[in-house]
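Enquirer: Sequence order for the protein chains is A and B.
If you're matching positions, the first sequence starts at 0 in numbering that gives the first Met the number 0 and goes up one per residue.
If you're matching positions, the second sequence starts at 0 in numbering that gives the first Met the number 0 and goes up one per residue.
FYI, nobody ran anything at the bench for these hints, they're computed from the structure.
Positions of the beta carbon are idealized from the N, C-alpha and C atoms, including for glycine.
No false leads were mixed into what you were given.
Facing chain A, from chain B, some residues (calculated, C-beta under 10 Å):
1) Thr398
2) Ala409
3) Gln410
4) Asn423
5) Phe427
6) Ala428
7) Gly432
In silico DSS-like links for lysine-lysine, alpha-carbon gap of 25 Å or less:
8) A:Lys330 to A:Lys242
9) B:Lys88 to B:Lys411
10) A:Lys361 to B:Lys411
11) A:Lys20 to B:Lys411
12) A:Lys20 to B:Lys460
13) A:Lys20 to B:Lys456
14) B:Lys76 to B:Lys88
15) B:Lys236 to B:Lys270
16) B:Lys69 to B:Lys155
17) B:Lys456 to B:Lys435
18) B:Lys241 to B:Lys328
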Amino acid sequence: MWRRIYSLIIKELLAIWRDPKGRMTLIIPPILQLVIFAFAMTMEVKNADIAVVNLDNGYWGSEIEAQITAAAPFDDVYRLESVGQIRETIDAQRAIAVVHIGQDFSRQIGAGEPANIQIILDGRKSNSAQIVNGYLTNTIARVSTQAYGGPIVEPLRVRNWFNPNLEYNWFTVPGLIATITLLTTIIVTALSVARERELGTFDQLLVSPMRPLEIVVGKAAPGMIFGYIHGSFFIFMAAVIFKIPFSGSLLLLYASMFFYLLAVIGIGLFISAISATQQQAILGAFVFASPAILLSGFMSPVENMPNWMQTLTLINPLRHFLVIAQGIYLKGLPALEVARNTAPLILIAAVTLPAAAWLFRKKST
Amino acid sequence: MQNDPFICIDNVTKRFEPDAPPALDAINGEIATGHITGLVGPDGAGKTTLIRLMTGLSRPDEGRVLINGKDATRSHKDLHRMIGYMPQKFGLYEDLTVQENLGIYANLKGLPAADRQAAFDELLEFTDLAQFTGRLAGALSGGMKQKLGLACALLKRPRLLLLDEPSVGVDPISRRELWRMVQALVDETMAVVWSTAYLDEAEHCDHVLLLSEGRLLFAGPPADLTRRVDGRVFLAKPPASKRRAILSRLLSENLARDAIIHGDAIRILTKDETSMVGVTPPPAIVEVTGVLEPVPSRFEDAFVDVLGGGPQGRSLLADAMTIHADDGKPAVEARGLTKRYGDFTAASDISFSIKRGEIFGLLGPNGAGKSTTFKMLCGLLTPSEGEGRVAGFDLRTATADARGRLGYMAQKFALYGELSVAQNLAFFAGVYGLGKKRAQHRIETMLDVFELTQYRKVSAKTLPLGFKQRLALAAALLHEPDVLFLDEPTSGVDPITRREFWSHINALTAQNVAVLVTTHFMEEAEYCDRINLIYRGQTIAEGTPDELRNAIRRPEVEAPTMEDAFIELVRRSDTQEAA
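Chain B with its partners taken away, still in its complex shape (with noise of 0.2 Å):
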């Protein structure tokens, strides 16, 4: 930068609560204009809390924050006339359709009558929205959603536009013409700001700051963290049957900083002595897994280097539960799943069928019909057409004691907050039925095993995030379930908590365990065996990871991501559907 930067953060701390860690650590960051510039963190690291800053809508306790030379608080009223800001969830009228909404944002942001048929006319055009401006803006998709907000924040060009977590919701097909929009957006009389917990984002943003727990880890250009690890990651691709023993066997040894499956293949971040090698692999990790190929490396494996690299040692759980046997059967079976709502189709024809000590994905973006799907299966829905089978039993008719088979994690962690972790454990003991000697002992090895012993007396609701999602896995398992239903289970969080409790999944399945993940998080997949991509209520493909990206290769594109893959098999379905 030539001059001055735009926005300067200098040494800001904020805290909300006295005796709990800040939630925004003397952090130091500087804002360009001409940049999309990435707050990247997972849940909990302050991005929000930096972004309200920014705004003025509250002030830190120390330190300040400068845009353009005034300060964010002092200078609010100055300021927020060339400020764009969009939250989270964006303050759309859902009731008002969207040429309403147009109109009002337009009202609050004193827009002069003259020019607004001129700006609105522009801006749904290039959200591409104009065809939908007489639609309530509750019935649009999340990523039209995210595009009407996008446009209201647009309204009068800001020379600062603060979106936070836009791509939260969205489709990936949503997500890249959001990225597109943004990028042609940008240019040198405005800076944008766009905070995201999805760690391949960070690597399209021109500038990042990294946060962690309110601290800042990195700020720069994305390729020069992740230039660090360069030459130190590998992959190797040992027989399917082998690869999560393998894996434990690199963790419980301690051989490499960071090991985690990738698809059909283990993803390896070596120690920093041995980078010094270069693109050698160190033979200590050569001799368990067999060849290593050199892959580039990406922001995430910079980022676990940066936290310290992944969790070590294996998975105590993995002695903690008995070993079901293995009938041949399915463990989970859903044929023809079918669920309409008037003439709506939530979800259409969808069959699959679980092995046991197999870990299966449905993937697909919000809205899609996966949580349809799932419910059907875990008897909550009713199937219009189709039938669902958990360990042998159809949930919906079947006796109480057969949904004692399954495990159940609901999304963002649903545990009873007020209640102390050893009476949450105690609870779900005595709902599942197990009697007062083994509810006991059941709840001590799961307090051992996640490392909740410390936490027994402590209210749910003020646990770390990670120990949240360790009670609500243990939760789950306490009685030993046959059948373990996840939904969401790590989006959001920190690569080092997924890493964790991936590790338990992992653990689980050597006892013969059939998993069953909802997500619509492209990373989450390459944790699963298999994947089933759901699109519009339909299964557009099903295979392992490698399986839908090999599908898709082609010599321009070469080493797809899981996203690449669903893109494109969405459009080959659209293609085939129009044909």
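With the rest of the complex left out, here is chain A (with noise of 0.2 Å):
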């Protein structure tokens, strides 16, 4: 039996290797995803333009201004002259927000009445014009204690728990690892039977001695073999080139590992036992990796999601790995907690391993 499955097993990885078309997808794909998850998708405002109207001759308008402008995250802060430009401004997207100051603001404020600041945001870009009002409104509530005389003292200190300075990668690379990861095995499994069958050899191997769990075990080597390499190389690279710090044991994530790999080998051998052709079997694979990463936490939080959808993404193994690979990253999470959290893991496995396995032979018509 296990020299029926080795044999399987070697076949599998030459006939994936010696095919320049199956290497690179093994190579290129996991490089570029690299790149542009970690580089191109950030969610920090760090480049943004912002304009003031200052029409304010007084103190508090132009205090205003030069603590806008000492603080960091904004790129460039111009002056507008007038409230004319400021439609302009946000139309042709000079700037996400236009900080408009009124001509009495410093007189109102010397006679002790309530003074107005006017913040046009960019709502184009909800996301990062809710961050620059977050920003806005902190340095103008400090003028503000400033100017009506209460105690200048910082009404609340943040600190950050685990990722103390808020690095995005910090939080993205540990994900990507479970991203990437999932991409990668997903597609090689998912072409493995479907290629045989477009072929023909399928059937010579139904024929053959070997039996369905057998094939799937054959088949799922691969997929394992490729998925820890690319892991690993993804747990080098954030050490070394995003240099995250790993705060919990590397032994337990490369245990969850395996079960979450077996999970995406029983989904993508599931797709390929359904397929026909491999054209099919892609296009399966993306049918599930695309809603898998959008509905695993990694882009937006899963408690965000309406209850209906938040119960549907537990049968989405990355939403479990990917509690386990930014727990274990930061904040070294518990065995037990990386078994909890296993746990649906091996469930999901179950019950698409044997089903690939018996769609072997349903499907062989």
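Got two chains here, separate frames each, mind docking them using the hints?
Expert: Pasting the structure below:
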């Protein structure tokens, strides 16, 4: 039995590796994804421009302007001369926000009356605009306490645990380890049976002494191997290039990755078993992978989704492994928690792998 | 021809890869109107490439194709209006009805709205598809699809009709209809090019261009080629039990130019020098075979002669396999095998049994139910009723080891193209659980027997067609099965490769291996000891090839072919059903 499985594994690896296109699909996409996800996909506001219309000639107006200019995250703060320029500045996307200070701003403060500042935000970039708004209101609040004679204290001192500087990379790169292994593994396994169906070799396998279970093991192995290789590559890159601290147990990460890959392989083989051609298999893999990434908590928190959809995400292996990967990286997730999140992965694999084995025979018409 | 030929192929060479031999090598030929010109040759001969050059879709590397005096590549805009082209897989829209398909092609060809209805009516009547206008093209049979494809190519009557293997996947009855239609179509204003790998079709053509591996072997009326071997073709009818032994002797002693099993007889083509003697058979052969009866020569005899004769020598396979004991029990048994899908019966009550050392053929057109039967026997499909046994086991429920008794060679030599020859063999050895030592020994033996040693490290996909086939057979025989299943083993391959293949199979029967062949290819049936004729899911006849042929022999059909027998037997079964 092991001899048969061993032969199948060797054959699978050779078939992928000896095909130049197969080699490319294993090497190029992960590197591309690494670059794209790690450098382009950031939620931080770093290079935003701000415009200020300061019609006030008094002290407080220029104080606010100075404070905004001093705040680090804005690339460029430039002055507009009149209210009439505001519309054009936002329309042409020269600034994400315009701070409008009225003529009698300082006078009102001097008279002890409430004074107004107008902030106009570009709603087309709602996420960045909100963050900019946060910065601006913070700055204005500071000046305002000063202006109305309050003590100059920070109202709140925020400290972020696990990621003190809120480095976005610390969040994305561990997530990438999970998503990229998902893509590699799902494609390798989804193609494996469909390719043989297309070639006509699958019937030959089925009439051989191989049992469906042996075929599943043999077909699962390459996905497992390439999944681990890619996973390790990104763990290495995370440490060397991105310098992400690793606070948990590497052993736990690798152990839970086994069940994660198994669950993904189960889904991949299932897709492969129901596809007649490689084209269908690739399509199936993407129909699974895109929602899997969107509904994993990688792009937006699962807690923000409606309840029914949160329930739906439970069948998504990425959702569970994402908790494990990010947890182990950033907060040294304890073994018990890792196990609790691995259990659903085992369940998914336990359903999809036998289903695929069953479909191998069923679908061979 | 009184004036210039309609098409002039002038020293045309076409390469796809710089290092590989050219797909077409300095071809010269002429195609006239008023004729069906056959483009004849096995797969990979260059037929499709030549047709595509005529359409102007690709351009020759050297030489040129002139159509009606114009260069096919340069004037292809003017010419395409007069060309009707039916590619191998005709571009029918399977999800549209017959009528909608015609409509689309009428639009594509810019057929004026006023002429459409008349053209549709005429073509639907011509192709006998009028009652199916509402049916989806995807739901048509292979024959009807080709007829619809033909109808689409004929909208706006072309001056040049290019048909690329129109008879592939078509049952013999539809194939005859297709021929009749095209023959009715040809007149002085139209030229027809019909490409085919079936050598019997060459004889229906007025004029042939015979291609092999990109080279032109013959151009002219087929009878001119066939005439060259007149008086050199004989049939020997030794007793059935000795037939294959005598054939091997003829080949191993290199007595004849070509010798093959033909039903109950051996068909022999004598060597050149004996042709002087006229119809007296050479005594050296008579000594081996007994009485020889002269028969009319066929296109295939002449083709093999041009190619330098059939393969000689004996198959080394005979020594490479252990002889399986004959326990007298049937090696393969089908008992009332039936498969239903909803209210469609793909195979109905099919029964037969195959002895050890016997070659048994399941013969029928595509979609007749032979693959279904085949798959039920292999254990790939669960029968709705009945039972199949291979080497005494029901493979549906048998242990994995029982499945090791079966060797299986899938259609189109399903191999792993990326893997090298040795890697392919090592994989199959592993899958069949051969121990390391035995695997190594068997792989070496197979490389030797099939002369694959020099290709050991070559990727299977780059092998020449004939070697791919050898490798597929080698992979199926590594584990020395007692039963060998072959799915369309030699359709489309050249006659030499086919002979070589069957000489190996002959050698196997001497080792008591039972061989089951499924085929739609009538010629392949001639190699079988017995045939089960399947049509529309049912067995309509069973017997030796000669029994089937004799069953329909009438004074007016003097030498019926397997195809004649098939068509007649189907007709009889239809009338029986109607009664």
